[in-house]
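Since the structure of chain A is already known, use the hints to place chains B and C on it.
Chains A, B and C, in that order, give the protein sequences. For the first sequence, our numbering begins at 758 and goes up steadily by one. For the second sequence, our numbering begins at 65 and goes up steadily by one. For the third sequence, our numbering begins at 877 and goes up steadily by one.
Be careful, since some hints might not be right.
Taking lysine-lysine and the DSS-like style, the derived pairs with C-alpha atoms no more than 27 Å apart in a straight line are [claimed, not checked]:
#: 1; chain 1: C; residue 1: Lys890; chain 2: A; residue 2: Lys960
#: 2; chain 1: B; residue 1: Lys217; chain 2: A; residue 2: Lys1031
#: 3; chain 1: A; residue 1: Lys1103; chain 2: B; residue 2: Lys150
#: 4; chain 1: A; residue 1: Lys963; chain 2: C; residue 2: Lys891
#: 5; chain 1: B; residue 1: Lys203; chain 2: A; residue 2: Lys1023
#: 6; chain 1: A; residue 1: Lys960; chain 2: C; residue 2: Lys1025
#: 7; chain 1: B; residue 1: Lys144; chain 2: A; residue 2: Lys1103
#: 8; chain 1: C; residue 1: Lys1077; chain 2: A; residue 2: Lys960
#: 9; chain 1: A; residue 1: Lys1023; chain 2: B; residue 2: Lys150
#: 10; chain 1: B; residue 1: Lys144; chain 2: A; residue 2: Lys1023
#: 11; chain 1: A; residue 1: Lys960; chain 2: C; residue 2: Lys1043
#: 12; chain 1: A; residue 1: Lys963; chain 2: C; residue 2: Lys890
#: 13; chain 1: B; residue 1: Lys217; chain 2: A; residue 2: Lys911
Some residues of chain B that are not near chain A, with every Cβ distance over 12 Å (derived) [unchecked claim]:
#: 14; residue: Glu122
#: 15; residue: Asp132
#: 16; residue: Gly161
#: 17; residue: Asn177
#: 18; residue: Lys184
#: 19; residue: Met208
#: 20; residue: Lys217
#: 21; residue: His224
#: 22; residue: Ile227
#: 23; residue: Pro228
#: 24; residue: Lys236
None of these hints come from the bench; they were simulated from the model. Cβ atoms here follow ideal geometry from the backbone N, Cα and C, with glycine treated the same way.
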Amino acid sequence: MKELRLMKGNEALAEAAIRAGADAYFGYPITPQSEVIEYLMAARTEDRTGMIVLQAESEIAAINMVYGAAGCGKRAFTSSSSPGISLKQEGISYIAGAELPCVIVNVVRGGPGLGTIQPSQSDYFQSVKGGGHGDYKLIVLAPATVQESVDYMKLAFELAFKYRNPVMIQSDGIIGQMMEKVELFEQMPRLEPDYEWATTGKKPGKPSTIVTSLQLESEEQEKVNHRLQAKYREVEKNEVRYEQFHCEDAEYLFTAFGSSARITRKAMEMAREKGIKVGLLRPQTLYPFPSKAFYDLADQLKGILCVEMNAGQMIEDVRLSVNGKTRVEHFGRFGGVIPNPDEILKAFEQKIIGG
Amino acid sequence: MTEEIIIAGFGGQGVLSMGQILCYSGVMQNLEVSWMPSYGPEMRGGTANCTAIISDSEISSPVLHTFDTAIVLNQPSMDKFEDAVKPGGLLIYESNGMIRKPRRKDINICVINAYDESIKMKNTKVFNMIVIGGFLKIKPILDMEHVILGLKKVLPERYHHLIPLNEQAIRKGMDIIQTEHSLN
Amino acid sequence: MAENLIKPENLVYKKSGIMTDRVLHYCPGCGHGTAHRILAEVIEELGIQNETIGVAPVGCSVLAYYYFDVDMQEAAHGRAPAVATGIKRVMPEKYVFTYQGDGDLAAIGTAETIHACNRGENILIVFVNNGIYGMTGGQMAPTTLIGMKSSTSPFGRDIKTMGSPIKMTELVAQLPGTYYVTRQAVHKPANVRKAKKALKKALEYQKLNKGTCFVEIVSNCPSNWKMTPVQSNEWMEENMFPYYPLGDIKLPQDENKK
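Next up, chain A with everything else stripped away, as it sits in the complex (with noise of 0.2 Å):
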């Protein structure tokens, strides 16, 4: 019997953790993802599942206490808006650097600095060019509804331990704070694994195990690199998704992300009742992003309009996915403004097709 439930989507992430089996949530309060460990603490998570919640003194702590729990290999994550994120960072490129696996979630507000507590993509370059110091990547998701919310949630947590690697889900305050239905997975249990790399106490006759992100000799961090970027070669050869509507005769062609892709929906869907061509496709793994689709795409359009909520940040790795081959142009609003199906439709009229 399926279980459906209304959910705005913080809600729905943080069921979606605990029916994944999480072992541990370190978080700080914040607009617009507060929901998140509101609805962890109300859950008892403790009697529930044995699950831990524990509302830290700050993100960085926060982030930290996830360090230590992941380095002992349980299932840990963290959640923040964009400001906490950036707070975050220190401790993102540690557990990247340390390869833990964790989940962090952003639900993005505008930005820079305090910025506004209304929904933004601004975190795009944060969560997949870096964000944190050195060469690193997290897998980031981005959902689109409150349902891939509880999809991506377990699915976070599974590529994370695939990889040993910090997966982010990129939501943002549409989807947070949204309603919608969603159906929910089974609980799954929480796991007792002995991992050779987790720090659970010696084991006799075997060395120590150490989590540590530090290397003394620089050839041996250059090790540490290739090993990463080897790493990444993998995720990107195997878990790009991406969604497609209407491309098969598409002469033109839209490009967003999360919310956006929702709002970009409805006007690829206006026109196409004009009469013109268009077509959307949605990258749902931000990192890795689906590079080859865009190319392969690109011989048959006339151009492409990347919607976001930012002021232009997807659409450098569109451009890069296309090499040239056909024009790529960008609309946006931002600081937490939300873009209109008519005004994207409009973009599009002027700057792809009369363009």
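Showing chains B and C alone in chain A's frame:
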């Protein structure tokens, strides 16, 4: 069928829960739904609004700037959302505290005095249920049976004994809503 | 001659099995080596090697995980108490300790220290205070004494512009979450014995789940104080101890009543 609704009023009038009840009722009736609140400082003592979309097909954008129906419960909301009603759409307003009447002639306009009615029912908390009743009278997109199921989902179990009262309020709203301007 | 002496019956000291064979990178005369040794001995004596998870800081003891033969995690600068919180919360049956210097614990990690103590995390925090940043080359620490010279206070620490040295141990003793708070030294055999006792008590208390145990070890830094080891220990006694007096600051409630 796709019904795109904005509900707006003061914080405390039950604006957000009205949207949730409509949406959960939609879930119970096997429809697609989406509910999106305004959030942040504007919620604190000021105006609140939410978008509710109920449809028999997949919902693309959860964020809208024009609506099939606007339900406005105070003057600032009337000022903000009267123009957001699609031509031929519906505006429902609660008459208490309204200084200016709607001026559009290209939409249907209904008025409901839910506040006075809730006082008559000796429970001002059912105010928003009376408004929902009025809306469902004009736009019968949801069956009462599914609304009751939706209510059961939204209300914590300790309030389930109040469901008959809420049903009564919905029926009262259906009775008292009046059409002020009709395109038909 | 010397070879004849190397016989089991002549053995007067053996390093703890919890210390690895790696050569310590600490400067000659530095207190870290002794502090490591007694902590290792305590872990050995309690028989908890396989149940102990340590957290190394950033600072001179950043490589502590090379020397302790227990599972360890390397934390970002100042974050050891948060990392230890994460570990202890998911593995409450393990013994968890952090080993931190003054820059790590009392400057960049002040919030993590205070809040781990305030929550009463059932961990041991070992705080080695030598009043200077050792690893980065002798810059002023939050615990640098008034008038003390460092590379970033070349004319001595000036209260007006640089503030006063912070007494973290007294500070955390105020918090209800701490169970046992003490200040020790490791420059003389008597002090070493006391410090070791303190560490042992602290780890034993961890089983009780009564709160954070906090052991400060006032130590020296011959290299950056620019003294010989002996001079540095004398200077420490004359200057550090008056400001950072040794002794227990907070004893478990029931022991106080005795």
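Proposed proximity, Lys911(A) with Lys217(B) (alpha carbon, max 27 Å)
holds, 25 Å
Are the Cα atoms of Lys1077(C) and Lys960(A) separated by 27 Å or less?
holds, 25 Å
Pair hint outcome, Lys890(C) versus Lys960(A) [Cα-Cα no greater than 27 Å]: holds, 23 Å
Restraint status (C-alpha distance of Lys144(B) to Lys1023(A) at most 27 Å): holds, 24 Å
Satisfaction of hint between Lys890(C) and Lys963(A), Cα-Cα up to 27 Å: holds, 22 Å
**Study point:** Non-interface label on Asn177(B), tested against every C-beta of chain A at 12 Å
**Key:** Asn177(B) is indeed farther than 12 Å from all Cβ atoms of chain A, at 29 Å.
Open item on the list: If I take the minimum Cβ distance from Lys184(B) to any residue of chain A, is it greater than 12 Å?
Closed with: holds, 31 Å
* Would you assess whether Gly161(B), listed as outside the interface, keeps its beta-carbon beyond 12 Å of every beta-carbon in chain A? => At roughly 28 Å from the nearest Cβ of chain A, Gly161(B) sits farther out than 12 Å, so the non-interface label holds.
The output says Lys236(B) does not contact chain A. Does that hold with a beta carbon cutoff of 12 Å?
holds, 25 Å
### Query
Between Lys1023(A) and Lys150(B), does the CA-CA distance stay at or below 27 Å?
holds, 16 Å
With a cut-off of 27 Å on the C-alpha distance, tell me whether Lys1103(A) and Lys150(B) pass.
Between Lys1103(A) and Lys150(B) the Cα gap is close to 19 Å, so the pair holds against 27 Å.
- Please confirm whether Met208(B) is truly not at the interface, meaning its C-beta sits more than 12 Å away from all C-beta atoms of chain A. Holds, because the least Cβ-Cβ distance between Met208(B) and chain A comes to about 19 Å, which exceeds 12 Å.
Figure legend: structure checked against the earlier numbered hints; hints not met, in rising order: 2, 6, 11, 14 and 20.
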